[in-house]
Amino acid sequence: MDALLQFVFSGLTVGAVYALVALGFTIIYNASDVVNFAQGEFVMLGGMITWFGHDAGLPLMLAAALAIAVTTAVGVALNKFAIEPARGAPVVSLIIITIGASILIRGATQLIFDKQIHRYPAFTGENPIEVMGATILPQSLWVIGGAVAVFVALWLFFSRTLMGKAVLATANNRLAAQLVGINTNWVMTLSFGLSAAIGALAGVLVTPITLISYDVGVALALKGFAGAMLGGMGNPKGALVGGLALGLLEALTAGYLSSQYKDAVAFIVILAVLFVMPQGLFGKTSADRV
Amino acid sequence: MSKWLQLAILAALIAALPLLFPSGYYYRIGALVFVNALAVIGLAILIGQAGQISLGHAGFAGIGAYSCALGPEWLGLHPALSLLAGAALSGVTALLIGRPILRLRGYYLAVATLGFGILVAMVIQNERALTGGPDGMAVAELGLRDLLRDLGWRIGGGEFWYAVSGIVLILGAWIALNIFDSPTGRAMRALHGSEVAARTVGIDVASYKLKAFVISAVYASVSGSLLALQNRYITPDVAGFLHSIELVTMTVLGGAGSIMGAVFGAAILTILPQVLTALADYEQLVLGAIMIVVMIFMPQGLLPYISRRLRRTGK
Amino acid sequence: MTFRTTTALLTLAAIGLGNAATAEIRLGASVSATGPAAFLGDPEAKTLEMLVEQLNEEGGIDGEQVELVLYDDGGDPNKARTFATRLIEDDEVTAIIGGSTTGTTMSIASLAEDEGIPFISLAGAIEIVDPVKEYVFKTPHTDRMACEKIFADMTDRGITTIGMISGTDGFGASMQAQCKDVAGEYDIEVAADETYGPGDADMTPQLTRIRNTDGIQAILNPGFGQGPAIVTRNYSQLGIETPLYQSHGVASDAFIELAGPDAAEGVRLPGTALLIADLLDEGDPQKEVVTAYNTAYQERYGQSPSTFGGYAHDAFQLMTNAIREAGSAEPDAIRDALEATEGLVGTTGTYSMSAEDHLGLDLSAFRMLEVADGTWRSIE
Chain Z
1 MDALLQFVFS GLTVGAVYAL VALGFTIIYN ASDVVNFAQG EFVMLGGMIT
51 WFGHDAGLPL MLAAALAIAV TTAVGVALNK FAIEPARGAP VVSLIIITIG
101 ASILIRGATQ LIFDKQIHRY PAFTGENPIE VMGATILPQS LWVIGGAVAV
151 FVALWLFFSR TLMGKAVLAT ANNRLAAQLV GINTNWVMTL SFGLSAAIGA
201 LAGVLVTPIT LISYDVGVAL ALKGFAGAML GGMGNPKGAL VGGLALGLLE
251 ALTAGYLSSQ YKDAVAFIVI LAVLFVMPQG LFGKTSADRV
Chain P
1 MSKWLQLAIL AALIAALPLL FPSGYYYRIG ALVFVNALAV IGLAILIGQA
51 GQISLGHAGF AGIGAYSCAL GPEWLGLHPA LSLLAGAALS GVTALLIGRP
101 ILRLRGYYLA VATLGFGILV AMVIQNERAL TGGPDGMAVA ELGLRDLLRD
151 LGWRIGGGEF WYAVSGIVLI LGAWIALNIF DSPTGRAMRA LHGSEVAART
201 VGIDVASYKL KAFVISAVYA SVSGSLLALQ NRYITPDVAG FLHSIELVTM
251 TVLGGAGSIM GAVFGAAILT ILPQVLTALA DYEQLVLGAI MIVVMIFMPQ
301 GLLPYISRRL RRTGK
Chain A
1 MTFRTTTALL TLAAIGLGNA ATAEIRLGAS VSATGPAAFL GDPEAKTLEM
51 LVEQLNEEGG IDGEQVELVL YDDGGDPNKA RTFATRLIED DEVTAIIGGS
101 TTGTTMSIAS LAEDEGIPFI SLAGAIEIVD PVKEYVFKTP HTDRMACEKI
151 FADMTDRGIT TIGMISGTDG FGASMQAQCK DVAGEYDIEV AADETYGPGD
201 ADMTPQLTRI RNTDGIQAIL NPGFGQGPAI VTRNYSQLGI ETPLYQSHGV
251 ASDAFIELAG PDAAEGVRLP GTALLIADLL DEGDPQKEVV TAYNTAYQER
301 YGQSPSTFGG YAHDAFQLMT NAIREAGSAE PDAIRDALEA TEGLVGTTGT
351 YSMSAEDHLG LDLSAFRMLE VADGTWRSIE
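Residue numbers (the UniProt record's numbering), protein chains in the order written: chain Z, 1 to 290; chain P, 1 to 315; chain A, 1 to 380.
Please keep in mind that the hints were generated in silico from the structure rather than gathered at the bench.
A few of these clues could be false.
[Unchecked claim] Residues from chain P that keep clear of chain Z, each with C-beta distances beyond 12 Å, as calculated: (1) A121; (2) R128; (3) A138; (4) L310.
[Said to hold, decoys possible] Okay, the calculated bits of chain Z under chain P, using three or more residues with CB under 8 Å as the criterion: (5) 107–113; (6) 177–188; (7) 191–198; (8) 260–267.
Note that the Cβ used here is the ideal one computed from N, Cα and C, for glycine as well.
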């Protein structure tokens, strides 16, 4: 029993990381139908800049705020200089652009900072909390709490605010959105900024657990993307559930079956789910325009 | 451009380029370009003609590569036969997984193919007793070079692989061009334009998607096999996610619609990192920037852009 | 139209690729300065760049300047082979150092053999030098030696049943296989055998499984990068009491920092003299070499060197020593001189090569180290 609980704690911690990345994917996808493969780099930047600031003597919270601000600016710049000029390009070209951006951000980070692995202290101590024989780190609670908070905020944003609805409208039909007076450029800027901020927040939260280096982005983007697709792209609920499910799946497989094939089991489940539900768990079926 | 003109240009390029080569290293680069171009031609059929995305084609390259490594080692199969066996295995695999996978659209298709590629890489990586695990394994020699030497024709490794990959590339291009011209090719392009429209005019959409998928898998497999035979050592990287991404990038960068675009894309992305070594630490930065700039200004790919510009200035 | 453009571009690229030979002795290197094995290759690249500069400032080899042509293969064996071809055919180097991983090493090795170019590898696997290849040498201990060192220490402590948790990267997987292979010779039973991926964030499920296996007396974690640091943290989080052994893959001060001094306390691993330079006896033959390298590296890069940088250091010393001994920069003369290396003191150990042994290190080159009060100490 304590073993099962331990696996669940582990799965929730890792799953919350995936969910945070997946939530970042969701916003940009909702606004532009683009899957931003540089999303993992936002997470990396969040962690690296926080470490850098903290190492240079800033208080941890100030360094974290700085990291989120800088990463948000990078997100806005990515939209301004790479996505906006390519409007109308085929989706596959947009994918290549975001992959190029991810290589570029990684290359710049390696130049500006370094290629070492880093870590800074957990926010509220390192002493594990014991629950019925299993343990969880306080920082894990921060990560899980962060994922849930971001989800709730996004859900409220998309369903309750005019701005959120404008984002959805832009994704649905850009021209129609413009016709009803939505500033679609502003919507795009907002989505990239917001997405980058969420990514950076994820980086800030997870670094004390997972450690950070300039090249962690690709793996994170991969898992976050898989989580988002499992849940159904474009739906915050899907991102949260998909990410957490992926994390739990990995932990339970490692705990009960084989740690060697835990990633394989995760992907087999994703494939199986997609075969039955081609739009993921919470995705909407969409009609084709002719 | 007509089929024969394209093939003639390709053959002439392959034959004439060595005249410019100052050292044996350039044969190596040439051979790598051809091997990559082969996989990219396959993807040009899948992405450019049929309009389907795959982020897992390195999985098929992995099957091809490890067939050439494992066949001679465990089954006593000749490396050349292993290449064919690998291609067959890849084709059958694509046939089996293609049906369910190709029902998916867009990013869902992307993640499913990605999952497939990762599974292949993972099996290769984990079955250490068979494949040598992440450290990789040695690959038997093709033996053709020894045969030629016995016949009195001495040829260096670099030149030999340049010639072999070049010939296979021309062959691959010829087959692909025939597919483009056939009713199959036209049907693929129709479903690229609009699946619903294609269906209404009576095209069996699922079957043509599957055909494109199987063909592209075989191309990737042969490319992986040639790489393994040439390097005589292979690691799971060949089946990895990054290799899949590299192949797709080559396809799109060159211009996904044509054979020449495929060769061009493969050439650019193979040669570029070699040129960028001069930039040392700035290599990644510049590579990323180039990818972004090309896609912004030439969203259809490099080659279509260049030929359009040339046509315009020609007028 | 298309034809002309393509040719023009290719020609342009071809011109960009070429560079002329200038220095009299040209050494080539291909290491994984970026990519998944950057943890190995980055300090190696830095070390080589630093050493060649030092050497030239001191007047080079017998008055001749040495030029280092260094490429970053990103850990990709295909790229490594291309760069090795480039080094041999285009840069016309006389010898090659590199191959941070076993995969990159093996793809360079067959080429070095074909072309008759001496090659010193920086990777661990025993296959690199066993069977002996004429032109291929290496500096790191084999993974098997690391396992043997660890198992000998376990036997001293009366440990007979262990659990293993290994990284699935090349380093971890290779050592995992070697340790399981050699465990029987020390009457040690591997009762639990778990793995984790290179990017994994939490290893508590695997450690829980090991903890719940009956009779486990110690845990061994072959791996490099952030994995072992996370394993060590998780191990402390779960409050596991059995001794934890790490591999030489994390023998650096950075490990203690990443894992946290509290969690790392009591962790043992086989390391080299490099880590305990300050603690070496004055009479220790390695004291001088290790201190000099340590100081120079710290001064130049502001961080302490790792075992892997040490491998590159030793490879460079072996190579330049061989060129000096051979009195020529002919590949075959260098090869012969390399094979005749006798008692060369490096950071990893003392090298004595022969026709049967292209590594030339024995077990004594390893020192059993333990983390105590946030720093390394020798327990011998």
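Each hint tested on the structure:
no., hint, result
1, A121, "violated (10 Å)"
2, R128, "violated (10 Å)"
3, A138, "holds (24 Å)"
4, L310, "holds (21 Å)"
5, 107–113, "holds (count 4)"
6, 177–188, "violated (count 0)"
7, 191–198, "violated (count 0)"
8, 260–267, "holds (count 5)"
Hint compliance for this structure: hints 1, 2, 6 and 7 are not met, and every other hint is.
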